[in-house]
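Q: Below are the chains, spelled out letter by letter.
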Amino acid sequence: MYSEKVMDHFTNPRNVGEIPDADGVGEVGNAKCGDIMRIYLDIKGDIIKDVKFKTFGCGAAVATSSMVTEMVKGKTIDEALEISNAAVAEALGGLPPNKLHCSNLAADALHAAIKNYHEKMTKDKG
Amino acid sequence: MYSEKVMDHFTNPRNVGEIPDADGVGEVGNAKCGDIMRIYLDIKGDIIKDVKFKTFGCGAAVATSSMVTEMVKGKTIDEALEISNAAVAEALGGLPPNKLHCSNLAADALHAAIKNYHEKMTKDKG
Amino acid sequence: MRKVYLDHSATTPVDPEVASLMMTYYTEKYGNPSSIHSFGQEAKQALEEARRQVADFIGAKSEEIIFTSGGTEADNLAIIGVTKAYQKKGKHLITSAVEHHAVLETLEYLAKNGFDLTILPVDENGRVSVEDVKKAIRPDTIFMSIMHANNEVGTIQPIAEIGRIARERGVIFHVDAVQSLGKIPVNVDAMNVDMLTISSHKIYGPKGVGALYVRKGIRLAPRAHGGGQEKKRRSGTENTPGIIGFGRACELSQERMAEEALRLEKLRDRLLHGITERIDHVKVNGPRGSERLPNNVNVSIQFVEGESLLLSLDMLGIAASSGSACTSGSLDPSHVLLAMGMPHEIAHGSLRFSLGRQNTQEDVDYVLDQLPKIVERLRMMSPLYDQVKQRTLKAL
Amino acid sequence: MRKVYLDHSATTPVDPEVASLMMTYYTEKYGNPSSIHSFGQEAKQALEEARRQVADFIGAKSEEIIFTSGGTEADNLAIIGVTKAYQKKGKHLITSAVEHHAVLETLEYLAKNGFDLTILPVDENGRVSVEDVKKAIRPDTIFMSIMHANNEVGTIQPIAEIGRIARERGVIFHVDAVQSLGKIPVNVDAMNVDMLTISSHKIYGPKGVGALYVRKGIRLAPRAHGGGQEKKRRSGTENTPGIIGFGRACELSQERMAEEALRLEKLRDRLLHGITERIDHVKVNGPRGSERLPNNVNVSIQFVEGESLLLSLDMLGIAASSGSACTSGSLDPSHVLLAMGMPHEIAHGSLRFSLGRQNTQEDVDYVLDQLPKIVERLRMMSPLYDQVKQRTLKAL
Ligand SMILES: Cc1ncc(COP(=O)(O)O)c(C=O)c1O
Ligand SMILES: Cc1ncc(COP(=O)(O)O)c(C=O)c1O
Chain A
1 MYSEKVMDHF TNPRNVGEIP DADGVGEVGN AKCGDIMRIY LDIKGDIIKD
51 VKFKTFGCGA AVATSSMVTE MVKGKTIDEA LEISNAAVAE ALGGLPPNKL
101 HCSNLAADAL HAAIKNYHEK MTKDKG
Chain B
1001 MYSEKVMDHF TNPRNVGEIP DADGVGEVGN AKCGDIMRIY LDIKGDIIKD
1051 VKFKTFGCGA AVATSSMVTE MVKGKTIDEA LEISNAAVAE ALGGLPPNKL
1101 HCSNLAADAL HAAIKNYHEK MTKDKG
Chain C
2001 MRKVYLDHSA TTPVDPEVAS LMMTYYTEKY GNPSSIHSFG QEAKQALEEA
2051 RRQVADFIGA KSEEIIFTSG GTEADNLAII GVTKAYQKKG KHLITSAVEH
2101 HAVLETLEYL AKNGFDLTIL PVDENGRVSV EDVKKAIRPD TIFMSIMHAN
2151 NEVGTIQPIA EIGRIARERG VIFHVDAVQS LGKIPVNVDA MNVDMLTISS
2201 HKIYGPKGVG ALYVRKGIRL APRAHGGGQE KKRRSGTENT PGIIGFGRAC
2251 ELSQERMAEE ALRLEKLRDR LLHGITERID HVKVNGPRGS ERLPNNVNVS
2301 IQFVEGESLL LSLDMLGIAA SSGSACTSGS LDPSHVLLAM GMPHEIAHGS
2351 LRFSLGRQNT QEDVDYVLDQ LPKIVERLRM MSPLYDQVKQ RTLKAL
Chain D
3001 MRKVYLDHSA TTPVDPEVAS LMMTYYTEKY GNPSSIHSFG QEAKQALEEA
3051 RRQVADFIGA KSEEIIFTSG GTEADNLAII GVTKAYQKKG KHLITSAVEH
3101 HAVLETLEYL AKNGFDLTIL PVDENGRVSV EDVKKAIRPD TIFMSIMHAN
3151 NEVGTIQPIA EIGRIARERG VIFHVDAVQS LGKIPVNVDA MNVDMLTISS
3201 HKIYGPKGVG ALYVRKGIRL APRAHGGGQE KKRRSGTENT PGIIGFGRAC
3251 ELSQERMAEE ALRLEKLRDR LLHGITERID HVKVNGPRGS ERLPNNVNVS
3301 IQFVEGESLL LSLDMLGIAA SSGSACTSGS LDPSHVLLAM GMPHEIAHGS
3351 LRFSLGRQNT QEDVDYVLDQ LPKIVERLRM MSPLYDQVKQ RTLKAL
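Residue numbers (this note's numbering), protein chains in the order written: chain A, 1 to 126; chain B, 1001 to 1126; chain C, 2001 to 2396; chain D, 3001 to 3396.
Please keep in mind that the hints were generated in silico from the structure rather than gathered at the bench.
One or more hints might be untrue.
Restricting the straight-line Cα-Cα distance to at most 27 Å, the calculated cross-link-like pairs of lysine-lysine (DSSO-like) are [to be verified]: (1) C/2091 - C/2266; (2) C/2216 - C/2061; (3) D/3044 - C/2091; (4) C/2389 - A/52.
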C-alpha cells in the first residue's frame, strides 16, 4: 500500500515533539475526521531553525508530518510557504490515491504555523 | 446420470430387431423430437410369443424399449396392456426427471403394436 | 519474524485437507457437471455431495441450496431476487443499521428504485430490539434482512425471536450468517429463517464460493441468465472444485465447532481482559459473554488512530483490522460503531482481532506484550493525548 | 481403460503449474486483498499482477479489467450493466442467433422488460453477415453483442469489421470471446471492441473465474452491491487464488498459443476427414479452414441420436458433447444448428469433439477406430436406417 519511504517516516518519524514557547504553532484537521496535525516552529530572523510535530492520524498523516518537518528545517519562511501538500507527497515517493485528500495536510499545518507566527509578530508589534 | 440397469439395457439391449410379417407393429415419436420407437409383436392366441424393437433415441429411449420387450414376452395381451410407461421406468430403477417425458414412451409403442394387431384381426375377420 | 494472523473475520486460510481435495478436482476430475460423460458425471456427483454437506450444516434440504460466488452475491441474490418476485405484494423492506455493506447497499439501491426501506437502530452493544422489529412491520412489508452475528463487533442478534415475528406477520426473512457459520450453531428451522447467506472463505474453505439457502416455496427471480445451472436460479458453469471445498469445509467445521468455540472463547476473553488491564482509555465494543461471537475482540483505543495501530502491529507480524475511516479511504469510520452511538473520534481508534484455528495462547500473549508499547509510542505522538494529560480533553 | 477427453470447449483441466500456484494462495498467502496488513497487501499485489497478465493477453489496460465469477456473470454484467447505464439513449439491442445462452437469455430477459431486440440470422456455416449488421442498426440502437467464435461449431465471426461499423454508428459493441481466447488472437483494439467477456476454465485456468473488459469511458451500472471491490463495479471478496490462477493461465496460453493452434488444427482436420471418410451420411457442421476454431470438430451423423453416441463413446473412455435435445432435456436440439438451417432430425445426431493440450494423434486415431463401430451398432438399432436402406428416407 505505502512506499518504503512512507513506511520509513511512519516507523521512524523525524522531529516528533513540541517546542515550548514556539514562535508559531499551526493545527489542521480534527479528531472527527481522524486526522489532526500540529506543527511547532522556532524561527530566527527569516529562518526556520527548528520544527516539531504531533500527529493523530493514519500512516500517511504521520509520514507527511515527518517529511514536511525535514523539508522545512533551515529554510526561509518564503521557501517554506512554497511547499505544497503535493510536494510533500511527492517527496515521499507518492501516496495511495485515497490518501491524497484527508491525510495529506502537513503543508497546510506548516502554513498555519507560519500564519500564526505572523499574527504573533503583528500583535507583538501592535 | 443413468442407473446401472439403464446402462445395462442401453449397452446390451434385449430383443433388437424386426419380426418379418409381424402380427402387430407399433411406432411412436418422430425424428424431429429425437425419439422413435418401433415394436414388433408375434402373437399366438392370447400370448405374446415374441417381441422385437428398433429405436432411434437417447439412452433412456433405448433402455426403455429393451426393458418393455423383456417385460412383455410370454405375457397375455391383457397383461401387456397394463404395462405403463411409469412401470417401465420403475423396472429400470428410475430415470432422470428430464427423461420421464419424451424418452419414456416404450409402453406407448407396445400398446400401439397391440392396437395394430387388433386392427389387423378385425380386418381379417371382416 | 513471528506471524500472528488475527483477521479471520476478513478471511481464513483454506484447510490443507480441503485444499488437497480441491486439487484433485482442478487437475484430474475436472469435468463440467453439465456434461453427460463420466468426467462430467463424476463432477456432478461430487457437486451434489457438497450440496448435501452444506445443507446438513445448516439443517436444510439439498434442493434448498443455491451455490454462488460468495456471500456478497448470495446477499444480492436474496434481496433483489425476492423483492422482484414479490414486489406486487408490497414495497416495504426492513433491515438493521449494522448490516454488512452487501446487504445495506443492496437495500439502499432498492430504496432508490421504488422501494421503501426502514433501517432499525441498535443499542450500544449493537443489538436490534425485538420490539422495534414488531413496530416496524407494516401491512405492505414483504421482506426483512437481519444478520445473525456482526462482522465487526461480534454481536449475536435474537434471530429466532425476530424470525417468529416475521413468520407471524407473513414477512420473508433473510439472515446473513456469514460470520456466525462455524462459530455458533446455525439452523434454518430453529432460527425461523426463510433465506440464509453463507460464505466459504470465512470457514476455512476457498474464496469465491458461497451459498444462499432458500426455503422451499419461496419464489426467487434469477439474476444470472444463461445455461440454467442451479435449477435455473443461478446460471454459469459451476465452480465445482470450490464448491466441493466448501462442502468439505462445512463438514470439518461441523465436527470441530463445539470444541473450537470453547477454546476461542477463552482466548478471546484473555485478549479482551489483557488489553483493558494493560492499556488505559480503552473501550470494549460489543457485548460480553455468550451474546458475542467466540472469536471476536473489538476495542477502541482513545487518542490513537486505527490505521496507525494496524501498521504498527503489522510491522511486528500481527494482522488485525480496524473500523477506522482511513482504512477505507472514506471520511466516516465504521457505520457499525457509529450506529452503536460511538463518537467519530473514538471510532477512528478501533481495532478488531478475530481469532481462528491456528491461534494459540502464545499468540494472544504476544499481542498483549506488543500492543501497549505501540499505543504508548503513538500516544506520545498524538496531540490529543497531551490534552488528556492536561485534562482539557475528556477521556474514557 | 484409455481415457480420451475431447470436451475442452465445455471445460479444461487446470494446468498443474497454475494449480500449484493457486495452492500457495489458498493455504499460505491467504490474505484478503482489502486488508492493509502484509497478508492482505501480498494478496493485493498478486491480484494486480494477475490483472496485468489478463489485460496483456487481450491488449487492454489493467484498469479496464473487471474480474467476475465466470463468463456467464461477465456476459450478464456487460449486457445489463451497460443497457442500464445507457437506456436513456435508446432501447434497441442487436445480437446473433448463435450466441451462447448467457448472452441470448440475458438479452431476451431485457426484451421482455422494455427493450427492443433484433436477432441476426446466420448462414449455413453459422456466420453473421456484415451487411445484416449494417441494416440492423437504427438511430436508437445502443448495444450489440456478437460472439467471437461459436462454442458449438467453432465459427469465427468477422468481429473487426462488425466492430468498425458499430464504432462508426456509435453502438457499444460487446464480444463474447470465451471460446476464442487462447485459440486465436484476441485483441480489443484490433477487433474494435468496447467490451469483451473471457472465462478462465476454458484456458486451463480454474472454474469460477472470468473477466469483463470494459473500454475506458464506457459507463457500467454495477450489479453486485457491497464492499465496493473492483473499483465499485463488482462487489464481493475477490477470489484471489482463482484470479491469480487465471492470470498465470493467460500467460501460459499466450506463450503456447501459436504453436498449439497449428498442432490442434492438424488433429482437427485428421479427425474431421477421418470421420467423413469412414462413416457415410455424415455432415460437417461449421466452416472449414481458418474460419473455424483450430480445436473444434462438429458433425451430424444421420439416423443415430446424439446422446446414444455420447454414452457409447463414454463407455470406451471418450468424452465428447452433443447438440442433441435429449442431452439438455428440452425438445429442441441446439439452437445453433437450427439457426444454421439444419433440420431437427439431423441436428439430433450431432457430435462435438473439442481438442486440447493433452490430446495426441493416437487419441484421434482411437476415436476414428471406435466411432464407426458405434455408429454401425446404433444404426442397426435405428428404425430410420432401415428406411434409408429401403430408400424410403432421404439421406445426406
Ligand atoms: C456479515 C458478512 N456478510 C457478507 C460478507 C460478504 O461475503 P463475501 O466476502 O463472500 O463476498 C461478509 C464478508 O466480507 C460478511 O462479514
Ligand atoms: C461462448 C461462451 N460464452 C459464455 C460461456 C459461459 O462461461 P462460464 O462457463 O464461465 O460461465 C461459455 C461456456 O460455457 C461459452 O462457451
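Q: All hints are to be evaluated individually against the structure, with a verdict given for each.
A: Cross-check of the supplied hints:
no.	hint	in the structure
1	C/2091 - C/2266	violated, 45 Å
2	C/2216 - C/2061	holds, 9 Å
3	D/3044 - C/2091	violated, 40 Å
4	C/2389 - A/52	holds, 19 Å
Violation of the numbered hints given earlier is confined to hints 1 and 3; the remaining hints are satisfied by the structure.
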